[in-house]
Amino acid sequence: MQELSWMAEYSVFAFMLGLSMVVGLYFGCVESKQNTVSEYLLGGKRMTVFPITMSLIASHISGITLLGIPSDVYTNGTQFLIIGVINVFIIAIIIYIYLPVFYELQLTSVYEYLERRFSSNVRGLTSIIFALSVILYIPVVIYVPALAFNQVTGLHIYLITPIICVICIIYTTVGGLKAVVWTDAIQSGFTGLSILFIIVLGLKQVGGFGNMIKANRETGRIEFFKMDPDPFLRHSFWTVSIGMSLAWLNNLGIHPGAVQRFVALPSYNKARKSLIYFILGMGVVTLMTGTIGMLMYTKYKDCDPVMANYIINDKNLLPYFVMDVAAEYPGLTGVFISGIVSAALSTMSAQLNTVSGTFYEDFIVRIMGIKVSDLTASIIMKFTVVITGIVCVALVLVVEKLNGILQLALSLNSVTNGAVLSVFTLGLCFPWANSRGAMCGMLVSLGTVSWIVLGAQTAIANKELQFAEKNVSIAGCPVDTIFKNHTDYSGMYRMNEDVYVSPNVWKMYTVSYLHYNTIGIVVGIFVGLAVSLLFPVDQNIDPKLLTPCIRNLVYPKYMMTSNRTSNNRSKQEEYSPVIQDTKL
Numbered sequence: 001m002q003e004l005s006w007m008a009e010y011s012v013f014a015f016m017l018g019l020s021m022v023v024g025l026y027f028g029c030v031e032s033k034q035n036t037v038s039e040y041l042l043g044g045k046r047m048t049v050f051p052i053t054m055s056l057i058a059s060h061i062s063g064i065t066l067l068g069i070p071s072d073v074y075t076n077g078t079q080f081l082i083i084g085v086i087n088v089f090i091i092a093i094i095i096y097i098y099l100p101v102f103y104e105l106q107l108t109s110v111y112e113y114l115e116r117r118f119s120s121n122v123r124g125l126t127s128i129i130f131a132l133s134v135i136l137y138i139p140v141v142i143y144v145p146a147l148a149f150n151q152v153t154g155l156h157i158y159l160i161t162p163i164i165c166v167i168c169i170i171y172t173t174v175g176g177l178k179a180v181v182w183t184d185a186i187q188s189g190f191t192g193l194s195i196l197f198i199i200v201l202g203l204k205q206v207g208g209f210g211n212m213i214k215a216n217r218e219t220g221r222i223e224f225f226k227m228d229p230d231p232f233l234r235h236s237f238w239t240v241s242i243g244m245s246l247a248w249l250n251n252l253g254i255h256p257g258a259v260q261r262f263v264a265l266p267s268y269n270k271a272r273k274s275l276i277y278f279i280l281g282m283g284v285v286t287l288m289t290g291t292i293g294m295l296m297y298t299k300y301k302d303c304d305p306v307m308a309n310y311i312i313n314d315k316n317l318l319p320y321f322v323m324d325v326a327a328e329y330p331g332l333t334g335v336f337i338s339g340i341v342s343a344a345l346s347t348m349s350a351q352l353n354t355v356s357g358t359f360y361e362d363f364i365v366r367i368m369g370i371k372v373s374d375l376t377a378s379i380i381m382k383f384t385v386v387i388t389g390i391v392c393v394a395l396v397l398v399v400e401k402l403n404g405i406l407q408l409a410l411s412l413n414s415v416t417n418g419a420v421l422s423v424f425t426l427g428l429c430f431p432w433a434n435s436r437g438a439m440c441g442m443l444v445s446l447g448t449v450s451w452i453v454l455g456a457q458t459a460i461a462n463k464e465l466q467f468a469e470k471n472v473s474i475a476g477c478p479v480d481t482i483f484k485n486h487t488d489y490s491g492m493y494r495m496n497e498d499v500y501v502s503p504n505v506w507k508m509y510t511v512s513y514l515h516y517n518t519i520g521i522v523v524g525i526f527v528g529l530a531v532s533l534l535f536p537v538d539q540n541i542d543p544k545l546l547t548p549c550i551r552n553l554v555y556p557k558y559m560m561t562s563n564r565t566s567n568n569r570s571k572q573e574e575y576s577p578v579i580q581d582t583k584l
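Letter by letter, the sequence shown follows residues 1 to 584 of UniProt numbering.
What the hints contain is simulated information worked out from the structure, not anything from laboratory work.
One or more of the hints may lead you astray.
[Said to hold, decoys possible] In silico BS3-like cross-links for lysine-lysine, where the CA-CA straight-line distance does not exceed 25 Å: (1) Lys470 to Lys484; (2) Lys484 to Lys463; (3) Lys299 to Lys484; (4) Lys507 to Lys226; (5) Lys507 to Lys463; (6) Lys544 to Lys273; (7) Lys301 to Lys214; (8) Lys214 to Lys204; (9) Lys470 to Lys226; (10) Lys204 to Lys301; (11) Lys301 to Lys484; (12) Lys470 to Lys299; (13) Lys470 to Lys301; (14) Lys214 to Lys226; (15) Lys226 to Lys301; (16) Lys214 to Lys299; (17) Lys299 to Lys204; (18) Lys507 to Lys470; (19) Lys214 to Lys470.
[Claimed, not checked] Quick list of the computed label-pair ranges, beta carbon to beta carbon: (20) Phe483 to Ala14: 38 to 46 Å; (21) Trp451 to Asp230: 50 to 58 Å; (22) Leu533 to Arg494: 21 to 29 Å; (23) Asp302 to Val522: 38 to 46 Å; (24) Phe483 to Pro503: 24 to 32 Å; (25) Leu533 to Gly220: 44 to 52 Å; (26) Leu443 to Phe89: 24 to 32 Å; (27) Glu328 to Gly491: 40 to 48 Å; (28) Ile128 to Leu454: 14 to 22 Å.
C-beta: ideal position from N, C-alpha, C; glycine also.
Produce the entire structure from the sequences given, and follow the hints as far as they go.
Next up, the structure:
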């Protein structure tokens, strides 16, 4: 494996890191207005559609996306890519159920909604769950680019990880939301260039798009409509479309980072446009990263790098591929590494900025009841960024021991996704849901999914749960190659076309990891509604806390009055979901 040794490669990488630092220092020092809560978390509500959209895309394109999707397509086929099309339907759900309520309320912390709708206890518990999800997710985000950097440069992961994190912590701490948004936008340029270069070079290597399609179709890798409803299939049309749709509802509809960016825009129409552009952009990115996976298979269809012992496992596939196809072009490997690290930086900075606001609003202000000046609040939030970042760096040691980039990341996210999405959906869509039901539903959901994820990951680590992969070949490898042994399925039985499992593993642990979200939200809503009906309480619900379609059914008179008021007042006065604004 050729190491990254040219000055051009290091220069590209250093330029990206330096630019991120400069942007953070600019917004923190030159535009020195970051000492208020509004400026630090919302950018003073003077953000525009383009940087917000690019920031959303960048913060959702982590190294997990760039390395995980190509390697998954290489080993398991294209079924996962159907999410690039299904996500379009998520736009309507968010626009009609979640976004109108949160934008109208103009909340600094989205969890303030839960206190207004239910109680401070529900708000506090949900904030704790969110903080837990961030601490579980960021280490995976950090580990992935560190792994790629390690393979290309030879530098140890434990050396790379702190460097990446320190840079991210500095510009997030100093610059606030404006720095995060603008560095995300800039870093997305590096990420986009890296994807484009890999695709162009890959197509050149394999002889064009037609050869890529032919090679993948002949081995059954191109599949989008595996319509078997079996929930134990790892990937099918239903597991991907249902499970990932619920994941995206959580990531965009109620996630504090996404809502924070939407609220930072000056009008509802701009927030809606930003959401639409984001979904379309993510669809393109998903299909492009899937294309890279098909290109990798086309190039290595006769000599699998893992079986040939060229790389340790499929986590190293994409860096190996890039080094292979870009070795003759100085600077391109540096662009790739910059893109991977940029994706991690943007995701990590967005999560750190969000968790700092959540910690301040939901723990310092509400739970501890401490009132501080804007300057002190800013210092607290910046200190939170530093501490959270340090904890996440330490947890990289744990992530390193686990397998499967894409499945690991989505599984850890699912531990909390279903519980949190269920409590918000109860509040928005079910007027009879009460705080007792919301609390019980959330706890049971969290416990159920945690039990399943822990059991599944333990079984995977013990080699008692393994997944069948598409066939690969070693017929074209050099004759002196020392091959790895095939996967050992002894003592296991084939449960379906995707799963091999030991008789000692509970069947529930074998459910598709994409259905963890489904289980979480179904359990949370079912338990929440059941407890609310069994233990009803008198509630005086503000109609603004219900989604418009439910509000229209329950409070029709309120809606008539609200619409007349909205039509009579000026656009420059108070927000209304019917405001029209065509400027970007």
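Right, here's what the structure says about each hint:
1. Lys470 to Lys484: Between Lys470 and Lys484 the Cα gap is close to 17 Å, so the pair holds against 25 Å.
2. Lys484 to Lys463: Judged against 25 Å, a Cα distance of about 17 Å means the pair holds.
3. Lys299 to Lys484: 20 Å, holds
4. Lys507 to Lys226: The hint holds at about 22 Å.
5. Lys507 to Lys463: At roughly 15 Å apart (the allowed maximum being 25 Å), Lys463 and Lys507 satisfy the hint.
6. Lys544 to Lys273: Between Lys544 and Lys273 the Cα gap is close to 22 Å, so the pair holds against 25 Å.
7. Lys301 to Lys214: 12 Å, holds
8. Lys214 to Lys204: With a Cα-Cα distance of about 15 Å, the restraint between Lys214 and Lys204 holds, given a limit of 25 Å.
9. Lys470 to Lys226: Since the Cα atoms of Lys470 and Lys226 sit roughly 15 Å apart, the hinted pair holds (cutoff 25 Å).
10. Lys204 to Lys301: Roughly 16 Å between the alpha carbons, so the hint for Lys204 and Lys301 holds.
11. Lys301 to Lys484: 16 Å, holds
12. Lys470 to Lys299: 15 Å, holds
13. Lys470 to Lys301: 11 Å, holds
14. Lys214 to Lys226: 19 Å, holds
15. Lys226 to Lys301: This hinted pair holds, its Cα atoms lying about 23 Å apart.
16. Lys214 to Lys299: 12 Å, holds
17. Lys299 to Lys204: Satisfied, since the Cα-Cα distance of roughly 11 Å is no more than 25 Å.
18. Lys507 to Lys470: The hint holds at about 23 Å.
19. Lys214 to Lys470: 16 Å, holds
20. Phe483 to Ala14: 38 to 46 Å: 39 Å, holds
21. Trp451 to Asp230: 50 to 58 Å: Given range 50 to 58 Å: violated, Cβ gap about 22 Å.
22. Leu533 to Arg494: 21 to 29 Å: For Arg494 against Leu533, whose Cβ atoms are near 43 Å apart, the range 21 to 29 Å is violated.
23. Asp302 to Val522: 38 to 46 Å: Between Asp302 and Val522, where Cβ atoms are some 45 Å apart, the hint holds.
24. Phe483 to Pro503: 24 to 32 Å: 30 Å, holds
25. Leu533 to Gly220: 44 to 52 Å: Hint holds: Cβ distance 48 Å, inside 44 to 52 Å.
26. Leu443 to Phe89: 24 to 32 Å: Since Leu443 and Phe89 have Cβ atoms about 30 Å apart, the given range 24 to 32 Å holds.
27. Glu328 to Gly491: 40 to 48 Å: At roughly 47 Å between Cβ atoms, Gly491 and Glu328 fall inside 40 to 48 Å, so the hint holds.
28. Ile128 to Leu454: 14 to 22 Å: 19 Å, holds
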